[in-house]
Amino acid sequence: MNNIKFKVQSSKFKAQILKNKLTIVGGFLIIFLILTALFAPFIAPYDAKEQNLYEGLNPPDYQHPFGKDRLGRDILSRIVYGSRISLLVGIVVVSVSASIGIIIGSISGYIGGRIDEIIMRLCDIVLAFPGILLAIAIMSILGPSLSNVIIALCAMGWVSYARLIRGQILSLREREFVLAIEAIGGSSARIIIKHLLPNVASSVIVEATFGMAGAIVAEAGLSFLGLGVQPPHPSWGSMLNEGRLFLLIAPHLTIFPGFAIMVTVMGFNFVGDGIRDLTDVKRQ
Amino acid sequence: MKNYITKRLLLFFPVVIGVMTFVFFMIHLVPGDPVELMLGENAMDSDRERLRTDLGLNKPIINQYLTFMFNAFKGDLGRSIHSKMPVFTVIAERFPSTIELALCAIFVAVIISIPLGVIAAYKQKSIFDNGSMVISLFGISMPSFWLGPILIIIFSIKFGWLPVSGRGGISYIILPSITLGTALSAILTRMTRSSMLDCLKEEYVSTARAKGLSEKVVIIKHALANAMIPIITIVGLQSGALLSGAIITETIFSWPGIGRLTIQAINTRDYPLLQGCVLIIALSYVTVNLLTDILYAYFDPRIKYE
Chain A
6 MNNIKFKVQS SKFKAQILKN KLTIVGGFLI IFLILTALFA PFIAPYDAKE QNLYEGLNPP
66 DYQHPFGKDR LGRDILSRIV YGSRISLLVG IVVVSVSASI GIIIGSISGY IGGRIDEIIM
126 RLCDIVLAFP GILLAIAIMS ILGPSLSNVI IALCAMGWVS YARLIRGQIL SLREREFVLA
186 IEAIGGSSAR IIIKHLLPNV ASSVIVEATF GMAGAIVAEA GLSFLGLGVQ PPHPSWGSML
246 NEGRLFLLIA PHLTIFPGFA IMVTVMGFNF VGDGIRDLTD VKRQ
Chain B
195 MKNYITKRLL LFFPVVIGVM TFVFFMIHLV PGDPVELMLG ENAMDSDRER LRTDLGLNKP
255 IINQYLTFMF NAFKGDLGRS IHSKMPVFTV IAERFPSTIE LALCAIFVAV IISIPLGVIA
315 AYKQKSIFDN GSMVISLFGI SMPSFWLGPI LIIIFSIKFG WLPVSGRGGI SYIILPSITL
375 GTALSAILTR MTRSSMLDCL KEEYVSTARA KGLSEKVVII KHALANAMIP IITIVGLQSG
435 ALLSGAIITE TIFSWPGIGR LTIQAINTRD YPLLQGCVLI IALSYVTVNL LTDILYAYFD
495 PRIKYE
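For the record, the sequence lines run as chains A and B.
Mapping the first sequence onto the working numbering, position 184 (from 1) lands on 189, and the numbers just tick up by one.
Mapping the second sequence onto the working numbering, position 51 (from 1) lands on 245, and the numbers just tick up by one.
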């Protein structure tokens, strides 16, 4: 019976997703990004690090549709390879942040009391740093590198998951099905893992989708400020940072990497919006 | 109400202490010797010792911590390594520029988003509604470090209408405000729309219509007036976040505010100045949030602290 109900719900969900055109567009953009990152060596027309100083800052032409950068490297190839860094940062930051946030949020929400108070005050302190300020502060301590970008973004990313999970578990733990399992002697770990977390999965998925967009923008922002991924690695943000110096004579250095960031972020935002609308009963 | 404000204030002070503690440890978490990082490898031993003494790094850590906290509460954040001026003075010189930029960004966001959100809600499911929602999704997805340079390419380089960078008259603030205000404008458009949709369904709106009032009066005086509470809250909460966005915007437009000062402090390894910038931005943000929460509770008596 439950299986049939699940199948009906699942097919309804699929049908509703297909109705939402923006979600489909977003899905295609994400698939495109993943395929580009996976098959970068086959898609990129040139080596992303190959320099040709005589052709530095060349505008777009037939052979190099996005033009060349200061050191004569093909911008299209660098954008293709840059998708690997963006996707890697997005996936690692979201996975680590969500895992930490889920563990801390579950403990905080289920156990409550003094532990909950301490964890929530810690979250308040992290949230006292607006936007990427905390990441900037951490990067100024650790120094610029890809692994440090991931550490800095995880240090600020776990809080949103912890607060989300804690809030939902606080309301779920008083529900009859939880009280019933407690009454028959179910352990706290079993209740959290088997019964509470599956109930909050949809909210975590929505948060993770927006989190991917946030992590990609944050990495690009840090690299733009010179605090993130360092040359010669092709990060979209550091390409924009380099482009800023040549806005007057070579605007193509800025236009194309920024467009790649916007399209990628838009993809995740479209999908996140679509899933949120479908899982939010109030909106329906 | 009093209870709510007391509880909210009680939560505010541990956060302030926590932020100050993090800022204190920033200099101690730097891998290696912070004095060597600040002065470089070739600095003379006497200079190193002098800086170590000036920063109090030769004292036990607990003494350093208590001195830092005590001085910070008095407004003494130490001296900048490079300009030798008190950090508080350097920041106080730059802070008004950032406030000016943030206020202009809020102005840009409000004048775009409220009419757009109201019309989108009034003409729900129309082309205008769908179009404005798609535009707002574009706005949210467009990073400021791309939008800023694109605006410079179009309005400064291509048409030559506006200056590329710096601070001067009104013309200098237009592009930075649009860059900083676009994301807020997108968020506010969506918020205004959803808040207006809720209000338009209320019985008092039907009553106003039944009384024969014009649609303009119904929308502005009855629906929008009530929809404004959550909108003002979002403006309040997001205006604190603009301080962080200002770091990137000020860097793009060479705007002489606290955001650019933060990046300059990082690039010159001026740790006392960097600590001061991070502390002031974070404290301004939590203070704005506190005031927003209190004002929200004041305007909406249903709010109480759970």
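Hints may contain errors.
To be verified - Label-pair distances were calculated between CB atoms; the ranges are:
1) F332(B) to Q68(A): 51 to 59 angstroms
2) F332(B) to I96(A): 40 to 48 angstroms
3) I293(B) to I189(A): 55 to 63 angstroms
4) I156(A) to I488(B): 31 to 39 angstroms
What the hints assert, rightly or not - On the chain A side, residues computed to face chain B include the following (Cβ under 8 angstroms):
5) A142
6) E181
7) F182
8) L184
9) V222
10) M267
Hints were generated in silico from the structure; no laboratory data involved.
Glycine is no exception: its CB is placed at the ideal position from the N, C-alpha and C atoms.
Tell me, which hint numbers fail for this structure?
The structure conflicts with hints 1, 2, 6, 7, 8, although it agrees with all the remaining ones.
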